[in-house]
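Protein chains: 2
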Amino acid sequence: MNEFELIAHLTKNLPTNPSVVTGVGDDCAVLDLGVPDKLILFKTDAVVEGVHFTGETPPEKIGRKALARCLSDIAAMAGTPTAALVTVALPPDFDAEFVAKIYEGLNALAEKSGVAIVGGETTTNPERMLISSALLGTVPRRNSYLRSSAKVGDAIFVTGELGGSIAGKHLDFEPRLAEARWLAEHFTIHALMDLSDGLGGDLRHILQASGVGAQILKTSVPIARAAKLRAKENASAKPPFIAALTDGEDFELLFTTPTGDTVKLLDAWKQKFPDLKLSCIGKIVTGEGMVIRDKMGTHTFNANGYVHFS
Amino acid sequence: MNEFELIAHLTKNLPTNPSVVTGVGDDCAVLDLGVPDKLILFKTDAVVEGVHFTGETPPEKIGRKALARCLSDIAAMAGTPTAALVTVALPPDFDAEFVAKIYEGLNALAEKSGVAIVGGETTTNPERMLISSALLGTVPRRNSYLRSSAKVGDAIFVTGELGGSIAGKHLDFEPRLAEARWLAEHFTIHALMDLSDGLGGDLRHILQASGVGAQILKTSVPIARAAKLRAKENASAKPPFIAALTDGEDFELLFTTPTGDTVKLLDAWKQKFPDLKLSCIGKIVTGEGMVIRDKMGTHTFNANGYVHFS
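Residue numbers (the numbering used here), protein chains in the order written: chain A, 14 to 323; chain B, 14 to 323.
One or more hints might be untrue.
Copies of the same chain are indistinguishable here, so a pair counts whether it falls within one copy or spans any two.
Using 27 Å as the maximum straight-line C-alpha spacing, the simulated DSS-like pairs for lysine-lysine come out as follows [as the list claims (entries may be wrong)]:
| no. | residue 1 | residue 2 |
| --- | --- | --- |
| 1 | K290 | K164 |
| 2 | K285 | K114 |
| 3 | K25 | K74 |
| 4 | K241 | K114 |
| 5 | K283 | K245 |
| 6 | K277 | K114 |
| 7 | K296 | K25 |
| 8 | K290 | K182 |
| 9 | K164 | K125 |
| 10 | K51 | K74 |
| 11 | K74 | K241 |
| 12 | K25 | K125 |
| 13 | K74 | K182 |
| 14 | K25 | K231 |
| 15 | K245 | K25 |
| 16 | K25 | K114 |
| 17 | K241 | K164 |
| 18 | K245 | K114 |
| 19 | K74 | K308 |
In case anyone wonders, no lab produced these hints; they're calculated from the structure. Owing to the predicted nature of the structure, the values given are computational and were not obtained by experimental measurement.
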């Protein structure tokens, strides 16, 4: 059994009950616990030393990231985060000041986002630090913004710029909570998710869940300065466009809307969020998979993240 | 800053918001998310290889324990568990069959307890396995069973038998969900918690939170056979009564009720739960700390878990 077979096996036939609206497979689990006008969002996420941060990462930024990743998942459902529990697993010889600073970074972001920290625990992980956050949120019942809701003809949008997050953004990104709620309140949103594994892989989740394909216009994909800089400084780095498609941890919003709204949305966005780019990068089409158009023609993009010119 | 100072520092001035009914310091966080007749319970708990289980522990039992510990915290609020997220952190060379069996144990207990497993993640922890469970539950609004609710004159009860859990019970214990709900429905319960760190330490939490003391009758404390056997087989093992006071992971209920109900409660319990012992072990008194009575007189029990004959 390889890792993919394992996950498929584990997520098949999980115990369920009538409270479950959406279980495994979207950005958050969605539960109906009897709040008259709302559904409950539920998410956990872990960051591990040596994987998601290093021994050199400032502790405030480790704490901030540990919560921000979960907040981005609540944003991906156009939800409002409410309360979090934080588990900090530490080597026994931990430095208390360091841990206090982790909480400072986490608490500052919690305050700013209206999230209560209602407990958690410290436990032992002898070789490295691991922080797991569990987050609850709510979303109005009127709509759910699932990965499976993209429709043929939809315009595809991303916020911000993509690629090169490892240069620093992965520690400093702003979860797009206000933006997602504004979108949900003012426009018809079909599919919505946050970009954690790169546009190429994450858009594929929407396409597979919705049973559709996508055509992306290469020149419309917003490429982060960090990705361009990286390619310039290092000949063996990914070309910037490939970095924008395949780098992880952008934590921007990826969503689809009925195509007629495109101009109105772009105009209203510019008024509301003048400091954050919104780009229409393509459209949802029949078929499957992601095709990239440039002046040379169309190219396919495969599951391993490489563009094959065809 | 030592560990206790750290925890005091971390839990002071945590971000909060109007949804928080009870934050840090009880068995679960309690939230008001707007369900008309219910409050929401929220808890996380992590088990770590080499700390809470070993490389020899059968994988089904690891998974079972990872969920059971959280279920016991929901029982400690007389709540009903609803949905869980499970984070499994693994060395990269993990054995997929082993992980599948962890989930088998966890899922079997979830099914039995009516809990939906609504997602989670697998992540990397190179040196050892760590499983963190996040659990949501509900509790009727009518009452909350906090550690701070013990009153002078209350009778003190424990379910089951205490001590020696390490011999096996820590992997097989039954979270006392049905028992706690039955108690809450049929009797006036003041303080309620589950025993995870040993009666001596855990009762102290109730006493400190409630601003009261306790008198325990030594001969009334139910001692598990495993604790007696251990003392018999190993001259350096704790005496059985000390094991009953200080061994962790009993996961029995500890609660207080108005003293007039004692006989009625013991009779009704025997009818309802004939296979599970319920013991009245003493009473809540004015003052502070825990005093133990035996035929020689009274003895004090200090925070480090030793009985000092006085």
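- Message: Under the constraints set out in the numbered hints, which ones does this structure not fulfil?
- Response: 2, 4, 5, 6, 7, 9, 10, 14, 15, 17, 18, 19
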